[in-house]
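Chemist: Spelled out from the first residue to the last, the chains are:
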Amino acid sequence: MHLDTHTGLDSPKGIWWKPAHKAEKVWVAIAFAWCMVLFAMMPLWHWKGGQNPSGIRRRTTPAAYGVRLGEFITQYQVGQDRGIPIVAPPAGADVYLAAVQFQWLPILKLQKGVEYTLHLSALDVNHGFSLYPINVNFQVVPGYDYGLRVTPNASGDFRILCNEFCGIGHHMMVGRVIVDDAPAVASVRSGQ
Amino acid sequence: MSTANVVASAVIPDAGGAFRTCQATGRRIHLGAERLIKAHAVCSVVSLLIGAIAAVLIVLTRWQAVHLLPAEWFYRILGVHGMSMLIFFIIFFEIAVLHFTSTALINARGCAPKTSWLGFGLMVAGAVMVETMMWAGKADVLFTSYVPLRAEPTFYLGVILFAVGALVGVSIFFINLVVAKREQRYEGSLPLVVYGAVTAAIIAVITLLHGAAIYIPTYLWSLGLMTVDPEVYRVVWWGLGHSSQQINVAAMVAIWYMLGALTIGAVVVNEKISRTAFVLYILFISMASAHHLLVDPGLGPAWKIVNTSYFMYMAVLASMIHGFTVPAGMELGMRLRGYTNGMFEWLRRAPWHDPGFSSLIFSVFVFGFVGGITGVTIGTEQINIIVHNTLRVPGHFHATVVSGTAVAFMGATYYLIPLIFQKKVAFWKLAQIQPYLFAGGMLIFTLSMTFAGSFGVPRRHWDISFSMAPFDVQFNPIVDVILAFVALGGLLAAAGAFVFVAIAVKSVFFGEPIGQIPRGVAVAGIPAGLTHPPVHAADVDARNAALHDAASGLMGPMPGTVVLVFVFLAAFVVYFFVNWKILSFVWRIG
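Chain order of the listed sequences is L and H.
The opening position of the first sequence corresponds to residue 1 in the numbering used here, with each subsequent residue numbered one higher.
The opening position of the second sequence corresponds to residue 193 in the numbering used here, with each subsequent residue numbered one higher.
Hints listed in this document are in silico derivations from the structure and should not be mistaken for laboratory results.
Please note: incorrect hints may appear among the correct ones.
Said to hold, decoys possible - Here are a few chain L residues that face chain H, going by a calculated C-beta distance under 8 Å:
#1 Gly8
#2 Trp17
#3 Met41
#4 Val125
#5 Asn137
#6 Pro142
#7 Tyr146
#8 Pro152
#9 Ser155
#10 Gly156
#11 Phe165
Stated by the list, open to error - Away from chain L, derived, C-beta distances all over 12 Å, residues of chain H:
#12 Leu252
#13 Val258
#14 Phe536
#15 Glu537
#16 Ile709
#17 Arg711
As the list claims (entries may be wrong) - The following residues of chain H were derived to be distant from chain L, with all beta-carbon distances above 10 Å:
#18 Lys230
#19 Ala304
#20 Thr346
#21 Leu412
#22 Met479
#23 Tyr531
#24 Leu622
#25 Asp672
#26 Val697
#27 Ala714
#28 Gly717
#29 Thr723
Where a beta carbon is used, it is the ideal one built from N, C-alpha and C, also for glycine.
Looking at chain L on its own, in the form it has when it is part of the complex (with noise of 0.2 Å):
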């Protein structure tokens, strides 16, 4: 069984598929049950999970996305910082940002446990949503809407960062969301 002994190095004579020992065995066993968990766990967690990158997913063109992001912008922006507009949408509307070099617009404006359908794109070249200090992170390809469900569930005032190199001015760009404490019927709803 365990006969002609050899190094890597060594060409096997005649027949190498021979029966391995019980411990490799055992360790292949057990590397493919765990293998099956790793699997298991992405769908389980569409199912039972609350974080999926699924969304809704589009293509567009940058045009057709800026002039959607110009209708969003005028139909619910309250104010206005450093020239960029803060836009407060309702709940459960569709919300739309747009990265573009190096600029995120606008500012949104939401509720804490509110779920927004949260739409990424870009303008010019690839950029990358990451919301600061939650450490979620999206890629932002021109040419594609990518429409995510999301909830809020804490307020503050959070950054958006661009994490995907977009041209020399990449470390200038960061964006700003803004989350309310939401009324109450809202929170209970979020269950967090």
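Chain L is fixed; fit chain H onto it per the hints.
Modeler: Then chain H, alone, in the frame of chain L:
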């Protein structure tokens, strides 16, 4: 080591050029192939030097207290670092490994020398074009060059030429093997190390075809001749970008088996298990490129789950198998040579002063415990939400491609210098500590990056103090301390890389030629595996049978390895589920 190979080939006339007989291993080395190995290895080390200089500039910039480079040069140098290390250093070395494994290990000749040199020439020309464009600031698109960020067309053309040259080198490898078989240069099946190299070469073909499929359209796009969809680019580009890391994995595992054999007489515990694991790589590992697209808008959950798991994690299974069989082979090899006491005498009494061995150990352990565990975890569809494009990503891949692959390649170099270049390893004392310096620095570097990333610190970012941004961003003050550790680890590792380059250059160009390798006498500049070859006794089969005796129980002849792999599994399980727990705290997203 068996001498059967030599016996088999001794009767064959020297077709296709001159050979010499390696006095250390008894194998016949084809002089034409040897020249190719040398040329590729030298280019590899030159690329490593450029990449390491870039690395120092980058860590000194990301260390906010120093913040060395201006923004423009930071991104430029980051691109240089990526291309020099991940493409030029690694692939030049891999083509050297392919020429080596397809000739020297099986007593065979290197075929089609003119075509081989043409491939080499294309690689050099491509590398020079890419480096020139990057340093000239005409390709500030970083390693990934995601369209529609645009570089000058020459940059893309350089990448294409390099890839074509590499593909020629890979083709020569296959030709060499076919000719060797036909000329009966070896008896029986290919050695396991060569089998591993075949795996790497097959994955290389898949990878380089992806490279052609994306860089040729991108080149035409840069000339204004066609359009390239940004998401399609990402999907196909990662077929090159990640799959090339899988060439590294397969080549690295092959080198693990080789260094184990050379340094401590590691044996193949079971050919069937090890070879099946290599086949699993070929079948499934290319799907791993989907890891980079888990939070992308262009792809749905079903596609992400199937590909993320590279079909039910069958390639992870392969790595977990090698993670057992490599140390098990080392343990068994040592036990067969008499180091049988207790659980870990085989590890304690191993030649830790041999840079080939210490490199091997660091490569196996850091690749597995840090690179493997973090990689599989952060490459999980949902967990990627809290990881994508943070410093956790480079934290992971420096633990695989640097602590794993580069360290293994460095360890192999300490044997290639005496065996192929026939020179003593220069600065021997430094060479003996180099693996500790490099791998130790890298360990600090990768762990610190991983911690920094879990605070949301972005990768590829010039200034996380955001001094020029419209809104202030205040990271936890601990992040500054962690980034200082990133710099410390990075500088130690870079020092280790410079020491390695100095050793390689001095040895190869100004080294002391080796005459007769003395047996049983330690000589400065010659690794212990060559002066004290880890030969097995004549009754090795009987010893092996005794160690495998059923009375030794379930852990059999490798109890130490069994303990180690279960420690590994426990660490893996804890890290994996801790990440799910952290994910469950963030906003609800769906």
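Chemist: Under 8 Å is the threshold here; is the Cβ of methionine 41(L) close enough to any Cβ of chain H for the hint to stand?
Modeler: holds, 7 Å
Chemist: Under 8 Å, Cβ to Cβ, is where proline 142(L) needs to be relative to chain H, so tell me if that hint holds or is violated.
Modeler: Because about 5 Å separates proline 142(L) from the closest Cβ in chain H, which is inside the 8 Å limit, the hint holds.
Chemist: Could you check that no beta carbon of chain L comes within 10 Å of the beta carbon of threonine 346(H)?
Modeler: Answer for threonine 346(H): holds, closest chain L Cβ roughly 20 Å.
Chemist: Per the stated criterion, does the least C-beta distance between valine 258(H) and chain L lie above 12 Å, as a non-interface residue requires?
Modeler: About 16 Å separates valine 258(H) from the closest Cβ of chain L, which puts it past 12 Å; holds.
Chemist: Are serine 155(L) and chain H close enough, Cβ to Cβ, to be under 8 Å, as the hint says?
Modeler: violated, 12 Å
Chemist: Given a cut of 8 Å on the nearest C-beta pair, is the interface hint for valine 125(L) held or broken against chain H?
Modeler: At 5 Å from the nearest chain H Cβ, valine 125(L) passes the 8 Å test, so the hint holds.
Chemist: Examine each Cβ of chain L, and state whether all of them lie more than 10 Å from the Cβ of leucine 622(H).
Modeler: holds, 28 Å
Chemist: In terms of Cβ atoms, is chain L entirely out of 10 Å range of lysine 230(H)?
Modeler: holds, 21 Å
Chemist: Take a quick look at leucine 412(H) and tell me if its Cβ sits farther than 10 Å from every Cβ on chain L, holds or violated.
Modeler: Check passes; 19 Å lies beyond 10 Å.
Chemist: Using the nearest Cβ pair, does asparagine 137(L) come within less than 8 Å of chain H?
Modeler: With a minimum Cβ separation of about 4 Å from chain H (threshold 8 Å), the hint on asparagine 137(L) holds.
Chemist: Is it correct that the beta-carbon of threonine 723(H) has no partner in chain L closer than or equal to 10 Å?
Modeler: holds, 18 Å
Chemist: Tell me if tyrosine 146(L) is really an interface residue toward chain H, meaning its C-beta lies closer than 8 Å to one of theirs.
Modeler: Constraint on tyrosine 146(L) satisfied, holds at 3 Å.
Violated hints, in rising order: 9 and 10; the structure is consistent with all others.
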